[in-house]
Structures are given as structure tokens and as C-alpha cells.
Amino acid sequence: SRRRSRPLIPHSSYYFGPPPPDAAYGSSPVGQIGKHHPREIVRIERDYSGGELPQFASSYPLEFEGRLTPTQFLETINSINELLISAYDLNHSLVDNALAFFTLQLSRLIAASHYDKEMRRLQQLIEDTNVRLFNPAGLHIRWPRKVAFMFLEIEYYVRVSVPAFMSFSDAPLVTLCLYPRLDLMFLSSFIAHTLDFRHITLHVQHTFIAGISAQHHSS
1 SRRRSRPLIP
11 HSSYYFGPPP
21 PDAAYGSSPV
31 GQIGKHHPRE
41 IVRIERDYSG
51 GELPQFASSY
61 PLEFEGRLTP
71 TQFLETINSI
81 NELLISAYDL
91 NHSLVDNALA
101 FFTLQLSRLI
111 AASHYDKEMR
121 RLQQLIEDTN
131 VRLFNPAGLH
141 IRWPRKVAFM
151 FLEIEYYVRV
161 SVPAFMSFSD
171 APLVTLCLYP
181 RLDLMFLSSF
191 IAHTLDFRHI
201 TLHVQHTFIA
211 GISAQHHSS
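In full-length UniProt numbering, the protein residues as written are 1 to 219.
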């Protein structure tokens, strides 16, 4: 049967078991975050044990082995959950809604609500965590408000490898076809490490001979 190709732009999904054999987990982090597509996206599910309050599960995903320690992951999730608890605090919500009602929503023009303030704090926390901890490890936390806090997505960036059925001399073609968004610096580095040395030597020889011939004709 024809093998199903992996999508260039991955999507997160619910956990159905161990990742497939062709999954990209375990590779070294390579790629520019924000410019290249991640090779995998890990989904952190909601924790509904505390009711409808948005909270994320703190179980350590095995996909992060070699990138994050369980302690680092737990501290990150706990920090996010604490700000979500504060943002959805019932007392602050009652005060903000009552003030907005009696001022005909004019209070929203003067001062931000407690929820909006906590959302800004949460966004700043995620940005700082990405820069300090996740991005250097080839990971990136997405802004969970875009998916209504139904889950938390973490992008996983990895090394680009050549398929087994291709030779190393085909690496530039594979790179351009499968990963067209790679920048020139990364592409040149990839080609330099994968091209056969004999091809490079032959190219240098041809260039040297052409230069000698041109110099001879000019003289």
C-alpha cells in the first residue's frame, strides 16, 4: 500500500498512544522559530478535575525528553495555571461587571478589567518563558487564548533529515521540495554537510581548469 506522507504543517491532536515510527521526536533542535514550520506540535490537554476553570494538565510528555526536565515543565504549567485562576476569580468578575453596569460600560474606557490585566500578564509570562527556556530548547508555546484555552500547544522544532530512499547528492532537491521556507544560510549549511566530497572536488577541478583556459586565451 502507498505510504501516507507527513504534512508539512503539522497539527496537534488528542493522545492516542505512542508517536509513529516516522515522528520527528528525539532530533536535535534546528530551525528558526517564527519563520520555519515546526515538525511536530505537542498538545497539553485541559484538566477538568477542578471544574470548568481553565487549567492544563501537568503530566510530563515523554516527547520532551532531552529538551525539558519534568521540573521545568511542571513549573511552567503551574505558573500558567496560577494566572488563569487569578484571571477567572469570581470576586473580581463581580466587581468589574457591577462597575461596568452602573457606569454604562464607561468604566471599561477608563481602566482595564481584572481579566484583561491578567491576560496581559499571562501573555508576558509565556513570551518570557519562550525566550528564556523553551526557544533555546527548540520549543515554543503558542498563545492558548486563540483556541479558547481548550488546550495548550507547544511547537517542536527538529533537524531536517534526508529520506532513506534518496542519496546524499539529492539533498538540495529534497530540501527545496519539502522545506521551501528554509532560509539560505540554513540551506547552504545543510548542503555543505550532505554533498558528496567527490562532487565538490570535481567542481573545484572544473573551475580551476576553466580559469587556466581563460587566462591562456587572454594572453
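Don't take every hint at face value.
Said to hold, decoys possible - Straight-line C-alpha distance at most 25 Å; calculated DMTMM-like pairs for lysine to aspartate or glutamate:
id	residue 1	residue 2
1	K117	D128
2	K117	E82
3	K117	D47
4	K117	E127
5	K117	D96
6	K117	E65
7	K117	E52
8	K146	E52
9	K117	D89
10	K146	E45
11	K146	E127
12	K117	E75
13	K117	E63
14	K146	D128
15	K146	E75
16	K117	E40
17	K146	D89
18	K146	D96
19	K146	E63
20	K146	D116
21	K146	E118
22	K146	E40
Think of the hints as simulated: they come from the structure by calculation, not from any bench.
We went through each hint and held it up to the structure:
The suggested pairing of K117 with D128 holds, with an alpha-carbon distance near 17 Å, which does not exceed 25 Å. With a C-alpha separation of about 14 Å, the suggested pairing of K117 with E82 holds against the 25 Å cut-off. For a cut-off of 25 Å, the pair hint linking K117 to D47 stands: about 23 Å separates their Cα positions. For the hint pairing K117 with E127, the CA-to-CA distance comes to about 16 Å; that is within 25 Å, so the pair holds.
For the given pair, K117 sits about 12 Å from D96 by alpha-carbon distance, which is consistent with the 25 Å threshold. For the hint linking K117 to E65, the alpha-carbon distance of about 34 Å lies beyond 25 Å, and the restraint is violated. Taking the CA atoms of K117 and E52, the gap is near 21 Å; set against the 25 Å cutoff, the hint holds. Proximity of K146 to E52 is assessed by CA-CA distance (about 18 Å); at most 25 Å being required, the pair is judged to hold.
Under the criterion of a C-alpha separation no larger than 25 Å, the hint pairing K117 with D89 is consistent with the structure, at around 12 Å. Distance hint between K146 and E45 is fulfilled; the C-alpha atoms sit about 15 Å from each other, no more than 25 Å. Of the pairs offered as hints, the one joining K146 and E127 holds, with about 15 Å between alpha carbons and a cut-off of 25 Å not exceeded. Taking the CA atoms of K117 and E75, the gap is about 22 Å. The hint holds against a cut of 25 Å.
About 33 Å separates the Cα atoms of K117 and E63, which puts this hinted pair outside 25 Å; it is violated. Between K146 and D128 the CA atoms are separated by roughly 18 Å; this keeps the pair inside 25 Å, and the hint holds. About 22 Å separates the Cα atoms of K146 and E75, which keeps this hinted pair within 25 Å; it holds. A threshold of 25 Å between alpha carbons decides the hint, and for K117 with E40 the separation of about 32 Å lies outside it, so the pair is violated.
Distance restraint check for K146 and D89: the Cα-Cα separation of roughly 21 Å lies within the 25 Å cut-off, and the hinted pair is therefore satisfied. For the suggested pair K146 and D96, the alpha carbons sit about 23 Å apart, so the restraint of at most 25 Å is met. Taking the CA atoms of K146 and E63, the gap is about 23 Å. The hint holds against a cut of 25 Å. Proximity of K146 to D116 is assessed by CA-CA distance (about 15 Å); at most 25 Å being required, the pair is judged to hold.
Taking the CA atoms of K146 and E118, the gap is about 16 Å. The hint holds against a cut of 25 Å. Restraint check: the Cα-Cα separation between K146 and E40 comes to about 19 Å, which is no more than 25 Å; the hinted pair holds.
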